[in-house]
Structure formats: C-alpha cells, structure tokens
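Dock chain B against chain A, hints included.
Listed in order, the protein sequences are those of chains A and B.
If you want our numbering, it's the 1-based position in the first sequence plus 362.
If you want our numbering, it's the 1-based position in the second sequence plus 362.
Hints are supplied without guarantee of correctness; some may be wrong.
With a cut-off of at most 20 Å between alpha-carbon atoms, the simulated EDC-like pairs for lysine to aspartate or glutamate come out as follows [claimed, not checked]: (1) A/Lys517 <-> A/Asp565; (2) B/Lys675 <-> A/Asp669; (3) B/Lys597 <-> B/Asp564; (4) A/Lys675 <-> B/Asp669; (5) B/Lys675 <-> A/Asp660.
Quick look at which bits of chain A chain B covers, simulated, 3 or more residues with Cβ under 8 Å [what the hints assert, rightly or not]: (6) 657-666; (7) 670-684.
A few chain A residues that face chain B, going by a derived Cβ cut-off under 8 Å, partial list only [said to hold, decoys possible]: (8) Cys525; (9) Glu532; (10) Ile643; (11) Gly645; (12) Ile650; (13) Thr651.
No lab work stands behind these hints, which were simulated from the structure alone.
Each residue gets a CB set at the ideal place from its N, CA and C atoms; glycine is no exception.
The chain contents come next:
2 protein chains.
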Amino acid sequence: MASPQDRRWLAAAARLAGRARPLSRPNPAVGALVVKDDIVLGRGWTAAGGRPHAEAAALAQAGDAARGADIYATLEPCAHDSARGPSCSDLLAKARPARVIIGCGDPDPRTNGKGIARLQDAGVEVMVVDCPSSHRSLEGFLMRETRGRPFVTLKLALSLDGCIAMANGESQWITGPEARAHAHVLRSRQDAILVGGGTLRDDNPTLNVRLPGLEDRSPERWVLTGGDVPDGWRKLADPADLSPLVPAQYLMIEGGASAAAAFLRADHVDRLVIYRAPIVIGGGRPGITDIGLGSLPDAHGRWARSDSRMLGKDALEIYERIPCSLAS
Amino acid sequence: MASPQDRRWLAAAARLAGRARPLSRPNPAVGALVVKDDIVLGRGWTAAGGRPHAEAAALAQAGDAARGADIYATLEPCAHDSARGPSCSDLLAKARPARVIIGCGDPDPRTNGKGIARLQDAGVEVMVVDCPSSHRSLEGFLMRETRGRPFVTLKLALSLDGCIAMANGESQWITGPEARAHAHVLRSRQDAILVGGGTLRDDNPTLNVRLPGLEDRSPERWVLTGGDVPDGWRKLADPADLSPLVPAQYLMIEGGASAAAAFLRADHVDRLVIYRAPIVIGGGRPGITDIGLGSLPDAHGRWARSDSRMLGKDALEIYERIPCSLAS
Numbered sequence: 363m364a365s366p367q368d369r370r371w372l373a374a375a376a377r378l379a380g381r382a383r384p385l386s387r388p389n390p391a392v393g394a395l396v397v398k399d400d401i402v403l404g405r406g407w408t409a410a411g412g413r414p415h416a417e418a419a420a421l422a423q424a425g426d427a428a429r430g431a432d433i434y435a436t437l438e439p440c441a442h443d444s445a446r447g448p449s450c451s452d453l454l455a456k457a458r459p460a461r462v463i464i465g466c467g468d469p470d471p472r473t474n475g476k477g478i479a480r481l482q483d484a485g486v487e488v489m490v491v492d493c494p495s496s497h498r499s500l501e502g503f504l505m506r507e508t509r510g511r512p513f514v515t516l517k518l519a520l521s522l523d524g525c526i527a528m529a530n531g532e533s534q535w536i537t538g539p540e541a542r543a544h545a546h547v548l549r550s551r552q553d554a555i556l557v558g559g560g561t562l563r564d565d566n567p568t569l570n571v572r573l574p575g576l577e578d579r580s581p582e583r584w585v586l587t588g589g590d591v592p593d594g595w596r597k598l599a600d601p602a603d604l605s606p607l608v609p610a611q612y613l614m615i616e617g618g619a620s621a622a623a624a625f626l627r628a629d630h631v632d633r634l635v636i637y638r639a640p641i642v643i644g645g646g647r648p649g650i651t652d653i654g655l656g657s658l659p660d661a662h663g664r665w666a667r668s669d670s671r672m673l674g675k676d677a678l679e680i681y682e683r684i685p686c687s688l689a690s
Numbered sequence: 363m364a365s366p367q368d369r370r371w372l373a374a375a376a377r378l379a380g381r382a383r384p385l386s387r388p389n390p391a392v393g394a395l396v397v398k399d400d401i402v403l404g405r406g407w408t409a410a411g412g413r414p415h416a417e418a419a420a421l422a423q424a425g426d427a428a429r430g431a432d433i434y435a436t437l438e439p440c441a442h443d444s445a446r447g448p449s450c451s452d453l454l455a456k457a458r459p460a461r462v463i464i465g466c467g468d469p470d471p472r473t474n475g476k477g478i479a480r481l482q483d484a485g486v487e488v489m490v491v492d493c494p495s496s497h498r499s500l501e502g503f504l505m506r507e508t509r510g511r512p513f514v515t516l517k518l519a520l521s522l523d524g525c526i527a528m529a530n531g532e533s534q535w536i537t538g539p540e541a542r543a544h545a546h547v548l549r550s551r552q553d554a555i556l557v558g559g560g561t562l563r564d565d566n567p568t569l570n571v572r573l574p575g576l577e578d579r580s581p582e583r584w585v586l587t588g589g590d591v592p593d594g595w596r597k598l599a600d601p602a603d604l605s606p607l608v609p610a611q612y613l614m615i616e617g618g619a620s621a622a623a624a625f626l627r628a629d630h631v632d633r634l635v636i637y638r639a640p641i642v643i644g645g646g647r648p649g650i651t652d653i654g655l656g657s658l659p660d661a662h663g664r665w666a667r668s669d670s671r672m673l674g675k676d677a678l679e680i681y682e683r684i685p686c687s688l689a690s
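In isolation and in its complexed conformation, chain A is listed as follows (with noise of 0.2 Å):
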C-alpha cells in the first residue's frame, strides 16, 4: 500500500513534471524523485525534445546514492531501448532502489506494465498508485494514447453576459492585462492552438507566445477550414476527427464562436477555460454559437467547475468534461 507519504512525493514529482511541458514533445512530461529517509537526492524531468527522461535525469543527479532509495516517478518507466539511450527500467533496475513508485501506468504498446514487469524481474519492490495529480500532468499524452487525440481547452475570454464583442464586432478588450498574461501562460503549453476560419479571415491573428523568455514556445498554428490557409498555419477539416493533429499532446482552440460551438457540439472539448470580465455588453456577439443541443437537460452534467479565482478585474473559472460515466 501506498503511504500518504508516498502520494505526497507522487504529487511532487508530478508539479515537477510541469517544467517538461510542452518542450519535451512529442514525449510525455514526466517528473521523477529519488527520495531516501525523506531527503531528495535526485529530481529530474523529461528534457526538451524528449530525451534525457525524467527518471535518467533524477537518477544521475542522485549517483551511488539512489542504492536503496525511494524513486518516484508520474508515469511508468519505459521498457524500450532507443538509439538515444537504454530504458528507464534497466537504468532503474542497475541503480538497485529499494523501491520505485508509479503514479500512472503507461498505456504506450512499448512499455505497458513491460516497464514494471522488468523492474519486478531484476528484485524491485514496484508500486503502482493512482495518483490523480500524475494523472493530470499526463491528460495529453494520456488522451493521445488511448483516443489518438490531443486534450483540448477551449478558452473562452466573455462578458458577464456571454459576449465575446459589441454587436459591431469591437472586442479589444474584453479582459484586462493580468487575464490576456494568464492566458499567453496557458498558450505557451499547448502544442497547437486552433482558430476559425472566420476569426483567421477577419483578425488575423499572431497567436503567437509574447512573454519575454517564452517566445520560442509558441504553439503550432491550426486553422479549422474547409479551404486553403496561408503559410505558416495548417488546417484542421472537421472537429469530430482530430487525427491529423496527432502526435500533438495539447490542443487550445481560441475562438471564434463557431469553432467553439463546432468543437463542443464534436464532444471534443475537455475543459473550458473562462476569463469572465467584470462588464455588461448586452446584445453582443455571443462567445459560443449553436452547438446542436437537443434540450435542456442535455445540457446538464456536462461539466464540472474545477478551479476559479481573480486575476485582476476578471475572474478565471475552468471546469471538466465529466466523463459520461459520472455524469448523473
């Protein structure tokens, strides 16, 4: 059994395997701690293009001392030998821990319980947690590898009553300066971003990660369209087949309204991401277009709110897809 010790670690090496994320695609993002009588000897996260992982990188940091140690990792040690370096779990199984802690089985054909299977096989003491903060910092490659698609936000910038513009179309600005910060964060993490065709034709939008430090984070610009689209973005015909975006981990669309409205209405969005703005527009260009609902009460059970709090003037409310099978 796990200790509530040990999830704490799990939870810690899993904030840690924020740092990876997006550069460490198209692997996952994964956060490893070596730990023995409560002291961290070793932290370690996937590098930038995927390589050193996150359980090389903690274990090099630790050295001789992660003999009869504790290794907790977020996703399961991979099993495959790569030109790049051995496997997680033969590094593992050398450094001799006394025990190795997993946060999230790996559903990737190439390790899928090989990794725990191969540390089991050289002595080690294996655990597997579900632990949810491991979970979460995995939901893209998650998503990816068990539906073969990316994890998609829809971020939605509103009004008290639900508009995105005036009637006339004036949308700058909705939000204040700490909200449109907050969401050039949340940009910078995503592999690609969406937009309309409309919102392309009539914007013209940059899309691109404006903080100073993270320009070169800047996503993978998608356009939804049926047409042809200009150098530099690439185009995504139908919202119900995310295929070509693969091996994307992160998708955020951001607008218009009816390619928000054509993704919720594919069951494709996730979470909904709202910077809500303390302002009444009244008559204006509502943020979400039809979306096919049939009534009512369809309408219910959907989504959950999971987080909210001020960022300035505005207020950001998220919330989850419920999954149909906890939906009441």
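Chain B only, in chain A's frame:
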C-alpha cells in the same frame, strides 16, 4: 475616536438589522445594541410595520441597566415624535447612557442631525462612525431618501455562455434547486419585484415566495409596460423614472432580457446577482439585450465583484455598481 471594538459592535447591530427586513417597511431596517463591559444588555431591530424602533426595543430589554451603557445604533436615532410613541433620541436621552455610537447619519429631513443634537443637548456623548456594515444594511433606505428611488438588484440565472433559455425558449431549468431556493430568499427580502411585459405575457410567473414560513413575504409585483396590467400587478412605464415605486426601498428585476437591458440602459441597476449554471447552451437566448453601449471601453469600470460562492453545482456571482466617483 471609535475603537475597533466599537466598530465590531456596530457591525453586529447591522447584522441584527437584517432581521427587520423587509417587514419594517416603509421604515428603514435598523439594529441597536445596549452594551456595558462587553456584555450585551439589550438587542433590538425595527419591528414589522416600523414600530417599535430598534432603539426602543433594545432599551426595553435592557431596562435600568442601560444607564451608563454604550448604545450602538446603525442609523441616527429619530428626532420626531409620532402618534405611535416618543422619538428615539428622547428615549435614549432619558435612559442616560454613557455614549451613543451611530453607524450612519439619517438623511430624513425630520431627523438629519437633529437626533444627534438632541442627545448632545441632554449631555450624552455621541459618536458618528462611517460604518460600512451599517451603510450596507440601509442601502435601500439611503437610496430612497437621497435619490428618490429604490435600491435595484438585477437577478440573472445564466448559462456559462450567458443564455437564459435555448433558442426555442426552453428555460427550465438553467440552475439547480440550491440556487433557486437562494433566489427565493432574496425575493423574500425585497419590497417590490418587476418583470418585463413580454415575460409576464409569455410565462405568467407567480413571482411569490414559496419558502415554508415565508409565504407572507411576497413583494409587490410590478411589470414594465406602457399597456394594461392584470389584477395583482402594478405598472412601471419608464425605467428612467422609478419614483412610482417609492416608498419601496428594495426592487429586484426578475427578467426578461429586455427588462434587464432597459434598467441597465437607464443606469438604474445597483447590484447584479448572477446564478451561473455549469452548462453551455450555445446560440441560445441572451440574458441581456442591447443596453445602448457606445464603445467597449465604456463597459469597463462599472462593476466590481463583491462576493462569489458555490450554490450546489451553480456559482453565485455578485457585482456592485462602482460609484462614478470611484470608477477608473
């Protein structure tokens, strides 16, 4: 100078004042405490119909012990005798307290400073504290006395995308039972409620209070229309002129989208109470139609969030109109 403890007692008196609302009407809902050596000797709030006043009730409870005590009152004690009893300032002077601490001056010309003067003439020390809790507990009274209209709350039950119904009009239910019960409590504290003519025709709402034990708290029902109104309803022709509502201290706008917009356009909304359901409707009926906004910057600096909390699965968001003098 008022001490922090004085301010705490005033806040407690303001809390008591809440019990007077709405049945004290047309009188203000006042709270009073008699305190000696940090022990409460008397508590009072304005009775149904307005008499006895809060101070009289608190003094009656304290009896002779009020001599030398501190008396906290949220509003300046009245200076006018009435067929229903002597003025509170005379009653207080006779009780010979050490001090009377007042949370808010009374703008009613029959009292306005005269209550304080009468106490001081009788040798009682008087302190007037600018107490935010007292002011807030009297916001309807102060609005009526200083601006000749009630304090106006606009209540909205909205989807995440700002809709009050599907495009086909289906609107039951947007919010859950907790939010609807909260709205009934809010309604029970109003003197008047109003709907637009279209809402009255289409929905024929009862708009009464259906909470057990509060059935007698149903407010006066008003409809915004230039035409005829059914029995049991009163009519307001112009949201720019709310004087027909006086002596009501508190008015709540209950819908629909056009009535909400009309009051916002007239700048006659003091508070927004938004019940935000965790649902997306998409292309539904907006909660607020055109408010005559000239440009987007004009929408800013008007509303500030004062409270938010969860009510079941819904979020309650409360916004206050920022006084023009404070707007950035």
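Hints versus structure:
Note on A/Lys517 and A/Asp565: the hinted pairing holds, with a Cα-Cα distance of about 17 Å set against a maximum of 20 Å. Taking the CA atoms of B/Lys675 and A/Asp669, the gap is about 13 Å. The hint holds against a cut of 20 Å. This hinted pair checks out: B/Lys597 and B/Asp564 have alpha carbons roughly 17 Å apart, not beyond 20 Å. Restraint check: the Cα-Cα separation between A/Lys675 and B/Asp669 comes to about 13 Å, which is no more than 20 Å; the hinted pair holds.
A hinted pair counts as satisfied when its Cα atoms are at most 20 Å apart, and B/Lys675 with A/Asp660 qualifies at roughly 15 Å. Restraint check on the segment 657-666 of chain A versus chain B: 7 residues with Cβ-Cβ distances below 8 Å, three needed, restraint holds. With 6 residues having a Cβ less than 8 Å from any Cβ of chain B, the segment 670-684 of chain A passes the three-residue criterion, so the hint holds. At its closest, the beta carbon of A/Cys525 sits 7 Å from a beta carbon of chain B; the interface hint therefore holds under the 8 Å criterion.
The interface hint given for A/Glu532 holds, since its Cβ lies 5 Å from the closest Cβ of chain B, which is under the 8 Å cut-off. The beta carbon of A/Ile643 is positioned within 8 Å of a beta carbon in chain B (closest approach about 6 Å), and the interface hint is therefore held. A hinted interface residue such as A/Gly645 counts as satisfied when its beta carbon comes closer than 8 Å to some beta carbon of chain B; here the least separation is about 4 Å, so the hint holds. Among the interface hints, the one on A/Ile650 holds; its C-beta lies about 5 Å from the nearest C-beta in chain B, closer than the 8 Å criterion.
Restraint check, A/Thr651 versus chain B: the minimum CB separation of about 5 Å is within 8 Å; hint holds.
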